[in-house]
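Asker: The task is simple: from the sequences and hints, build the whole structure.
The listed protein sequences derive, respectively, from chains E and C. Note that this note's numbering has the first sequence beginning at 1078, numbered continuously upward. Note that this note's numbering has the second sequence beginning at 1078, numbered continuously upward.
Keep in mind that a hint or two might mislead.
Same chains, same names: a pair is fine if it fits in one copy or spans any two.
Said to hold, decoys possible - With a straight-line Cα cutoff of 30 angstroms, these simulated DSS-like cross-link-like pairs (lysine-lysine) come out:
hint, residue 1, residue 2
1, K1520, K1474
2, K1318, K1410
3, K1520, K1398
4, K1543, K1474
Derived from the structure by calculation, the hints contain no laboratory data.
Okay, here's what each chain looks like letter by letter:
Number of protein chains: 2
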Amino acid sequence: MADFLTSQSEDFSKWYTEIVQKADLADYSPVRGCMVIKPYGYTLWERIRDELDRRFKDTGHVNAYFPLFIPESFLHKEAQHVKGFSPELAVVTIGGGSELEEPLVVRPTSETIIGHMYAKWIQSYRDLPLLINQWANVVRWEMRTRLFLRTTEFLWQEGHTAHATQKEAEEETLRMLDVYTDFAVNEAAIPVIPGRKSESEKFAGAVASYTIEAMMKDGKALQSGTSHFLGQNFAKAFDIKFLDENNELQFAWTTSWGVSTRMVGAVVMAHGDDQGLVLPPRLAPIQVAIVPIWRKEEERAEVMKATDILYQQLKDTVRVKVDDREGFSPGWKFNDWEMRGVPLRIELGPRDIANQKVMLARRDIPGREGKTLVSMMGLSQTVTTMLDTIQQAIYQKALDFRESHTYDVSTYGEFKEAVQTGFARVWWAGDSEDEAQIKDEAKATVRCLPMDQPGGTGTCFYTGKKATEVAIFGKAY
Amino acid sequence: MADFLTSQSEDFSKWYTEIVQKADLADYSPVRGCMVIKPYGYTLWERIRDELDRRFKDTGHVNAYFPLFIPESFLHKEAQHVKGFSPELAVVTIGGGSELEEPLVVRPTSETIIGHMYAKWIQSYRDLPLLINQWANVVRWEMRTRLFLRTTEFLWQEGHTAHATQKEAEEETLRMLDVYTDFAVNEAAIPVIPGRKSESEKFAGAVASYTIEAMMKDGKALQSGTSHFLGQNFAKAFDIKFLDENNELQFAWTTSWGVSTRMVGAVVMAHGDDQGLVLPPRLAPIQVAIVPIWRKEEERAEVMKATDILYQQLKDTVRVKVDDREGFSPGWKFNDWEMRGVPLRIELGPRDIANQKVMLARRDIPGREGKTLVSMMGLSQTVTTMLDTIQQAIYQKALDFRESHTYDVSTYGEFKEAVQTGFARVWWAGDSEDEAQIKDEAKATVRCLPMDQPGGTGTCFYTGKKATEVAIFGKAY
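Answerer: Structural data, given as structure tokens:
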């Protein structure tokens, strides 16, 4: 255990706040609830962004940019939407020294302003589907904030699409849920549960909301991405109409979906350990750190020369960094790279050079067990293969953790115990009132009704009614 | 001349506003002074962003993200800075339903909030230089706005660096000016004049400001990027201090530099013509448009098959799009791609297929002269080479235009005539009052004191004093 870091078992929440700062992911700012994303954290976000963006483009979406400010009256056009977002708005009332006639809301999400533009752009079925994504900052005035997980301002992407039919819009909603699942599993190495939100946890203004839910290492759930089927609610509020093939005027069907900088928090809490971050190779800003080692000054030139040869060999295939910092011992550097979650460390000393070998140390397997002495020959291939192995291993570890902390329970007593340390998987036939009651008593909520259902029926653990669906309950961030 | 578009000679300003909308670069929004960047315009911005970002990283910079909101009191810490920006601020006074104790300014630029964080992060000379860039939206409450050129909200990058010595900070300021020049010349094909701003045109709070100035096709100047040496002004205002190698406490030296979505406007106005946009291949979202042509329905399958083969041949080396839209004639499609500024069009009909040839049509050379019949064999190489040729040709054309519209003048009479159609290059020894007088009378300002000076001395065209520097004057956007 790193002695400068609170252990996870001692206080997981404190561990999180400490490691986010010590690993230089983020810092507090002088503005209430807003954080500064530091270069290391921002590079991780750039990796997340690039991998999501690639998937959006592969599924036919294009990026655009809509205004930061939204006229206050726009929010009021969709009744549920304004109800959900009103309490958390930041409002500009002064511009260029004068009071504004109509206050401008800093966007908490962009359905309304985009709805307004779509009404202008969409005339005919030929204009559909319209598949646009936006990378942007949004602001929600949160009372209790935590770095990455819940901040007043955050960065995200918000997809907004319009379709000619309900079926197409529903397909799009689920397609993007699949894209998010694929990203979480294959890039972030986080085994997520895709599912539907309950009525009470739905997005304000949606007909149906879908989510990917991840389990953090304290057994709690983190909602890591959402995709909403908005029906014709926003089309009716903003008059998004088109002439169909029969020349009849129809309201469009719309969707929206988003992933935010919260994903950085998910990566930290799904994989990190008492030594610090454990980053999945696919997203790690630095995949390999080379630490040159010498005892006597006369060994230095030779070691640095060999280090540079290795660096040249690796730099085109992996994100590699040479740690040539002066005044720090190799041991200190090992700890530092472990703390920052770099997946693979290469140690290189005079004896290694004589043997034409290097030591590889895996971040995900601490101590001697994770070390392998390998040949310098073909190192690039060895490293690439090992990074793939690490990516898989990290995923498997998170999956095993989730499975061993997910409990099939059938009584409320068992349920209450289950959600102390993980997820409760239950037959569920309750309504919003039952949910509120359970939340009050057990601090747990329906995380989702998984897409993957066992089929058949069972008895609801809470109401005793016949249930056709299984739900995942957990304590949520 | 495209009959749906005002000609440049008739009304350049109207031409600009029309083409930006017709080519789907941007649209007006319902929010005063804010625009919507449409997918085609945003993709152009993504190309600009990626090419700049690559250059920033190659020169050792990293990206980070700082809060959108700045406590109002921060602006007041640097006297010149607040004076310059106060009139154009948007201010949040309400958050989460309550009036804020201290209003929050929506960032017009981030020197102050970043200065505050740098004071926290910088302790020792070992922490320097600190080389950070941010991609962000900023807000300046402008009275008269124009799409891309001057909007209330715009996107930009702002670099903020801190250094141990004046010399290093000055070097950084000029290094980034070089990076901007290199980008403008080699990516945007715009021949810019790098130079120093006069005292009265300097950034609010800077010791010295540098700029790249471009000539638009109406002879006016567009400031396309700026780099500022801030001396110790912000370090003193925000207490950015470090222990130097002698263990003495010193104020840091800082710089800032930025390029914005205004660059999109520069590309439009530097190259466009009466048919529409002319995009440089390096930045064009679509570099090649393939238009399949058939007269009889039975030719269709064969032409589409050949089109797909060409597409497959080209898609990995260039950004290519097949125009398979139904219900539009080839002629209509030609005009459409010309209007959108796609550098190269490929026309493909049954006779071409029989001859194993395709017709290439260059956007930058209108009509027959720009057409070449080439073999399908090795088409990928032919296209790549031609795109390079077009990139060069567009640059040369803009350079020739600027040179033929830049006048070396020595009297105020000649000067006034010169700035009607282009730049006046003059010996200059005036002060801020002289500048104000000239601006009032001739509507022209010092665009810059070029880095590239003839040397020696001359007589100031306005004051008659002995001058050691040449200045470029022009009417500015």
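Asker: Report the numbers of all earlier hints that the structure fails to satisfy, in ascending order.
Answerer: Hints 3 and 4 are the ones this structure does not satisfy, whereas the remaining hints hold.
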